[in-house]
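Letter 270 of the sequence shown, counting from 1, is numbered 270 in the numbering used here, and no numbers are missing.
Because the hints were derived from the structure by calculation, they are not lab data. Predicted, not measured: the structure shown is a model, and the values here were computed from it. Where a beta carbon is used, it is the ideal one built from N, C-alpha and C, also for glycine. None of the hints are false.
For lysine-lysine, the following BS3-like pairs were computed, each having C-alpha atoms within a straight-line distance of at most 25 Å:
1) Lys138 to Lys66
2) Lys53 to Lys128
3) Lys257 to Lys53
4) Lys66 to Lys33
5) Lys155 to Lys53
6) Lys257 to Lys218
7) Lys169 to Lys245
8) Lys242 to Lys218
9) Lys33 to Lys138
10) Lys267 to Lys169
11) Lys128 to Lys257
12) Lys66 to Lys53
13) Lys267 to Lys245
14) Lys128 to Lys218
Just the calculated beta-carbon pair ranges, DEER-fashion:
15) Asn178 to Glu153: 37 to 43 Å
16) Glu252 to Asn129: 24 to 30 Å
17) Ala254 to Thr143: 36 to 42 Å
18) Glu166 to Asn97: 46 to 52 Å
19) Lys242 to Glu65: 57 to 63 Å
20) Glu65 to Asp141: 16 to 22 Å
21) Lys33 to Tyr77: 19 to 25 Å
22) Glu215 to Glu109: 35 to 41 Å
23) Tyr61 to Thr237: 52 to 58 Å
24) Thr41 to Thr237: 37 to 43 Å
25) Glu85 to Glu151: 19 to 25 Å
26) Lys66 to Thr41: 26 to 32 Å
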Amino acid sequence: MKTLFRAMAASLILAVGCGDVVIEQPTPNEPTKKPIKFNITRNADVTFQGGDKAGFYVVDYWDYEKYFVDNGVLEYYNSTWNSEEELYWDEACERANVYCYIPYADVYERSSHNFSISTEQNWFENYKNSDFLWGEAKYIDPTDPDSDRVELEMKHLMSRVVITLEPGKGFSEEELFNADVRIETDNNVAEINLINGGVDCGGYGEAVRPYYNDEDGKYYAVLVPQTIQDMDFIKITTTAGKEYKLHQDYMEMAPGKQYNCTLTLNKNSYGIDIGITDWEVEDQDFGGTLN
1 MKTLFRAMAA SLILAVGCGD VVIEQPTPNE PTKKPIKFNI TRNADVTFQG GDKAGFYVVD
61 YWDYEKYFVD NGVLEYYNST WNSEEELYWD EACERANVYC YIPYADVYER SSHNFSISTE
121 QNWFENYKNS DFLWGEAKYI DPTDPDSDRV ELEMKHLMSR VVITLEPGKG FSEEELFNAD
181 VRIETDNNVA EINLINGGVD CGGYGEAVRP YYNDEDGKYY AVLVPQTIQD MDFIKITTTA
241 GKEYKLHQDY MEMAPGKQYN CTLTLNKNSY GIDIGITDWE VEDQDFGGTL N
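Start from the sequences and build out the full structure, keeping to the hints where you can.
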């Protein structure tokens, strides 16, 4: 990681006669250097936790090829984001853009960073870490006396599916409680541009096991934005071994959007009602009933 400045101190030790005398040399007057500090927020139902790490870039506003900080590291503890070492604004920087992403990773290519979601999101940490966040702050004036922190509001670059299972004819809630739920995808790997927040599909597909939330009784999964076309999108297997499938002809999943799926299961047939809410609402409805 490229750092901007490091604090330096010096003292001079002189020997006089038989005794050692320490003479503190006065530090030359230097311009006051302004530290780079951050305030990072997210609009989500999952909060930051101690030990979370973010990567960030500080780029010259006038010269996009000039990086003052290249993939710096921030760590969250004591309710604040802190860098590994003290960083200061470069005195040559008149205006800057800052780009930030979570979770932190070693980056080999800023414009096409590979990020994989977990297929085992039934574990909460895997579900949480599959949510890729990105934010930016532009045209920052490092000399602004009214601003001592870079404000970054992170947004979701992945899509999210929320599944609710409703017992229909012949089913009880207890029977559905232990059902095996899986989401089929064509892509589990995203190629992300860390500078502009662009997302492309970049890899294989494999079934994802969603996280079950005990508080609301719903299943949650974070997926790579992609087009679901002519495939059995959701598969549910009951404890009795009966399998139910939601076949999706066409659904385009976009970054930052949540797709709600309410599935009513009957022992002889099943009905499905699907809508989109929360993260960002779209007008299109994917509802339907299957028998």
